[in-house]
Amino acid sequence: EAQVTQNPRYLITVTGKKLTVTCSQNMNHEYMSWYRQDPGLGLRQIYYSMNVEVTDKGDVPEGYKVSRKEKRNFPLILESPSPNQTSLYFCASSLSGLDNSPLHFGNGTRLTVT
Amino acid sequence: SQQGEEDPQALSIQEGENATMNCSYKTSINNLQWYRQNSGRGLVHLILIRSNEREKHSGRLRVTLDTSKKSSSLLITASRAADTASYFCATGPGAGSYQLTFGKGTKLSVIP
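Note that the protein sequences, when read in sequence, are chains A and B.
So the first sequence is residues 65 to 178, counted in this note's numbering.
So the second sequence is residues 15 to 126, counted in this note's numbering.
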């Protein structure tokens, strides 16, 4: 089954403790992206990757890192999480990343930073 | 940068009625997409309409696009309780863009 898999689904952590949210897709998609979703603010793009070893900042990249060493994986790293990074995170992928290419989303990771 | 803005923010209708949601955007686009999100889950792509199209249908969904007004509408006909979800429009700022941006969504409640 074609899918984007994020793990974990829920995560509670403390300020400053490094964490990684994994994302994997099995559709051989070139493009992958991370979004965060907050009430009243909608979906905001954090980082995206057009291909292996090619990444770029979205609208809200501060406090996040990403890497794209393999085509299928695009982990999101929070090196020193803070409470303002408490949010619902989504990984998404598409064939090309262009605006004519529908995005496929994971089921989300709900992160709480205390 | 928010490109699309949906209207209304929330909509409540009875099962069987039609639901219309609107999306306005600021800059020229090549394509506009609509997505559905069930509570707390990932978004699901519904339909894509190109800038040279005025209307597109998919099952009970009808999307229109008016590039002169920079707006789009999503009509769901004969709504069902299972249509209860948030609906988002998404656009890119131009040809070759990798940054698809989403509006804040319309929350649709269909009452059985």
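Hints may be right or wrong, so weigh each one.
[Stated by the list, open to error] Derived lysine-lysine pairs resembling BS3-like cross-links, with alpha carbons at most 25 Å apart:
(1) A:Lys121 x B:Lys40
(2) B:Lys121 x A:Lys121
(3) A:Lys135 x A:Lys82
(4) B:Lys121 x B:Lys40
(5) A:Lys81 x A:Lys121
(6) B:Lys84 x B:Lys40
Source of the hints: derived by calculation from the structure; they are not laboratory data.
- Numbers of unmet hints, in rising order: 2
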